[in-house]
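Colleague: Spelled out from the first residue to the last, the chains are:
Number of protein chains: 2
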Amino acid sequence: MYRTHNCGELRNENIGQTVVLSGWVQKIRNLGGMTFVDIRDRYGISQLVFDDKNQNLCDKARELGREYVIKIQGKVIERSNKNSKMPTGDIEIIVEELTVLNKSEIPPFTIEENTDGGDELRMKYRYLDLRRDSVKKNLILRHKMAHEVRNYLDENNFIEIETPILIKSTPEGARDFVVPSRMNKGEFYALPQSPQVFKQLLMISGFDRYYQIVKCFRDEDLRADRQPEFTQIDCEMSFAEQEDILNMFEGLAKHLFKNIKGVDFNDEFLRMTWADAMKYYGSDKPDLRFEMKFVDLSEIVKGNNFKIFDEAEYVGAICAESCASYSRKQLDALTDFVRRPQVGAKGLVYVKYNEDGTFKSSVDKFYSQEDLKKWADAFSAKPGDLLLILSGNRNETLTSLGQLRLEMANRLNLINNNKFAPLWVVDFPLFEWNEEAKRYTAMHHPFTSPKEEDIDMLDTNPGDVRANAYDLVINGVEIGGGSIRIHDNDVQQKMFKLLGFSKEAADSQFGFLMNAFKYGAPPHGGAAFGLDRWVALFSGLESIRDVIAFPKNNAGRDVMIDSPSIISDEQLKELNLKVTKEPS
Amino acid sequence: MYRTHNCGELRNENIGQTVVLSGWVQKIRNLGGMTFVDIRDRYGISQLVFDDKNQNLCDKARELGREYVIKIQGKVIERSNKNSKMPTGDIEIIVEELTVLNKSEIPPFTIEENTDGGDELRMKYRYLDLRRDSVKKNLILRHKMAHEVRNYLDENNFIEIETPILIKSTPEGARDFVVPSRMNKGEFYALPQSPQVFKQLLMISGFDRYYQIVKCFRDEDLRADRQPEFTQIDCEMSFAEQEDILNMFEGLAKHLFKNIKGVDFNDEFLRMTWADAMKYYGSDKPDLRFEMKFVDLSEIVKGNNFKIFDEAEYVGAICAESCASYSRKQLDALTDFVRRPQVGAKGLVYVKYNEDGTFKSSVDKFYSQEDLKKWADAFSAKPGDLLLILSGNRNETLTSLGQLRLEMANRLNLINNNKFAPLWVVDFPLFEWNEEAKRYTAMHHPFTSPKEEDIDMLDTNPGDVRANAYDLVINGVEIGGGSIRIHDNDVQQKMFKLLGFSKEAADSQFGFLMNAFKYGAPPHGGAAFGLDRWVALFSGLESIRDVIAFPKNNAGRDVMIDSPSIISDEQLKELNLKVTKEPS
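These protein sequence lines map, in sequence, to chains A and B. The numbering used here puts the first residue of the first sequence at 886, with every later residue one more than the last. The numbering used here puts the first residue of the second sequence at 886, with every later residue one more than the last.
No lab work stands behind these hints, which were simulated from the structure alone. Note that this is a predicted model, so its numbers are computed, not measured. A hint or two may mislead.
DSS-like, lysine-lysine: derived pairs with alpha carbons at most 27 Å apart [to be verified]:
#1 B:K1021 x B:K1139
#2 B:K1323 x A:K1009
#3 A:K956 x B:K1379
#4 B:K988 x A:K1336
#5 B:K1139 x A:K1463
#6 A:K1139 x B:K1029
#7 B:K1379 x A:K1070
#8 A:K1009 x A:K1170
#9 A:K988 x B:K1379
#10 A:K988 x B:K1403
#11 A:K1187 x A:K1231
#12 A:K988 x A:K945
Using the sequences and the hints, build the whole thing.
Modeller: Following this line, the structure appears as structure tokens:
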């Protein structure tokens, strides 16, 4: 027997018991006649005592090294020097027997909270990094969240159904990972970017409430918060309107907030149209933990011969409270920020509302104190505040201003990390214009239903058609989203046409789905949530990488197992493939 | 609103209520002044009544077709003609409003239990096949089983951790599916045949109880009960001995039997060594719902100048009760059966123990009545019984006799389909000899631990070394299995050597795992269970295909979505690949 208890559970009431523990050596201290060893497992740390009255045992203990795996038998006693920071801090174990189950070389970095290991080293030895409490607890949180998701959905009559991983490549959307078929020469499977088509087929099959916690795959160039494989909470409902779906998944979010974070949301989540989110926050995922709403100054700034504003499609601003005292250097830094390529503004206009009631701006040449006062009044600004103004093309300027808003919130410490600000963004546009391809692409995906009242505009003004689509945003992070789907074959055909699919292409890619729609498709809709992102949000982490047991780096490599790797000629031959470019 | 109730829940207590239902038209009957429509959803069927006093509505109802999706509002009334076979059979709904939500073409086969659709047609229209009650209920059962698996494991402190799907190809075992990497030119990921390596790394990380319900992939030529992607309940425990693991997962099996099938197993599951399973049943997964144990006749049949027996390494038999009256034709059929290539015996010797106490056999030339009586006594056979004897090479003959045993059980209807006979088969051999490669291969996998007491034989007699490996067998089906793993680096190196890995090959394939073992690997072991097979067993189905929502056919094709398929030249170019053989 390896253990009677784990290393985190012994308490005062165990005093006097003989116990067996197994775990890793966390720390060894030799104090004169005593040797103290901290033993660690998943559940916690306990203190072992080796008394040098038993010289043999004590010698053995002194030969232990960090991360050795040991088993001990001993007696639980009360500690004279209690440690209130440790759950097991009231007791210690006088060891009677010690077995070394496995030795350990000195690990390449310390298994402690403040480890000396750099990022790359820790990724290579991820199995050791996972021993660290902060990494371990992310995975335990992830497990608990997935479990609570299942509990909630099961209670609500959802059925988890596994959809296939080896599916068919479709050119729409992001790039597919493909899998060559050996049995079907020259043909390929694709890994799913989402189970979208299958969950819609399941609705046609009559499974009116489906879900799946499922791996999805996208062969994209990676950014910090992207992984080639990621996990979705994928859901779909039949005979449900948008309102039913929002309520159902708002319920899910509240269930997680309550059961995981201990936060009760009694009120309904805020809802905001996509148009308002863009207008007031310059983002389809605004962070509402702080205000700093945009004000549209386009009208009141025109007609003073300031060409940049006069010619701008849009002039908008935010008000940074109590920042009128910003120095030249601070303002230059903000100008540099907005000029970054990722932000994309050409320049920044500021207006300082001085404490004495006067105004100082970078456009004093063109505007009087009275003009500037009007702008300040549009914000109900107070003396001491600072207006930051961007101008230009409407959509781009809104987006840049949105980034400036976040930057200012960070600089001013406006963001309360203990606050959660959930928000439904609704009424997304159905299409976005793709400048490169000179055509519309689906903002969500080609199965998204237009709003009933906008259907007439499909032919005349597709860019203005709104979709029955919604995103759940928490603290500026898009946790998930979904839509009501098209269940009418005619509307679906029209969508494909607008998206530039030839009849042949639509048939070859989605023929089976179009065919399925002919046999009684119910009205349906759904949503998908990013489990990785949700766990990261609840962990207070920026990157999803930290909540994935074995993530890949930005080059799509697993540096621990050294993958991807070359395969044998034999394998290539069986697959009827030839590599045209050798690995560099 | 689409519904106030589902189509399976209305009862007497709802009489008088106005309800809204949505679902599919199952059946329409025009009976004089009334039209009856059965409306169906996932939950059941309700009867709708259209009274021709409302002529408009009645006309509309008569235009409905099978599988139309409709929404109705109406009043629940008591049925005059109750149907006790339907849960909703006490009531019907007088319809006041009817909306056609979607029309349906006439489905290619009837959506009924006894459908007129052939297998191929139903697979092509799988989304319609899934509407049928018998297919639907398999997926619901699957969901419930997965849910109960998670409940049990969660209660026992297991953590579900997702391991990657894009991993590294290893030549050991079955053939991998591979995924070309675009970002790492000329290199490939592989899809996991199991998360074996990752779960062992998680043990090294200190997650002492891990599980995952996870897709696994094998590029094998398919048989009826194989799929290229299948689902495993994958588990691993640290600081656990074989006994702990068997008890934990016997607990899981009992939990499922109780909560899913309502069957209580109070006793411990039977355990049998692999050697005994082969000796008495000729199989490592014996069906113990019936007896018909083998008797080894090798000794008592020798020395009578019957060359075939004299030269045979093994002569064994089963006793078929009350079959002495078998006709020539029946015995010939059995001879044909054992001679099938899949069974592989050369011939069959029979001994009839006639009702009058005399013996009649196919080897009467060589053996006296007294000889034959001795054979019968070895079985405690009774007059009227029939002995069926096979001989030859020991292992092959045992296997053939095992198949004859199953064949006889089927012919004699000895198998009670309502009975469950679970069994642990233990002490598997560590290796099997691969005649083709002239070397040993791992019977389970290269990480399986030999039995402590057999370790010395690794060098001298590897074929006799037993493993700490076990399978859970229910009714002759291998539901799962596992082993204690090697946690000692030296033993692991020795295993690789015995398995014919060069040091370079072992390093390149498993270097990261070997490296991990250096930093304090705990003793660990685990098991994996085939979810598909387990669900099929509980459903009373032969093939796992019926418990998978969207299965592939024997050519690895999904005939519904028509996958695999060719991909674009653009995609191939991005992946630096060339197809050497075009699709046929």
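Colleague: So, for every hint listed, does it hold in this structure?
Modeller: Cross-check of the supplied hints:
| no. | hint | verdict |
| --- | --- | --- |
| 1 | B:K1021 x B:K1139 | holds (25 Å) |
| 2 | B:K1323 x A:K1009 | violated (37 Å) |
| 3 | A:K956 x B:K1379 | holds (26 Å) |
| 4 | B:K988 x A:K1336 | holds (21 Å) |
| 5 | B:K1139 x A:K1463 | violated (51 Å) |
| 6 | A:K1139 x B:K1029 | holds (25 Å) |
| 7 | B:K1379 x A:K1070 | violated (39 Å) |
| 8 | A:K1009 x A:K1170 | violated (34 Å) |
| 9 | A:K988 x B:K1379 | holds (18 Å) |
| 10 | A:K988 x B:K1403 | holds (7 Å) |
| 11 | A:K1187 x A:K1231 | holds (18 Å) |
| 12 | A:K988 x A:K945 | holds (13 Å) |
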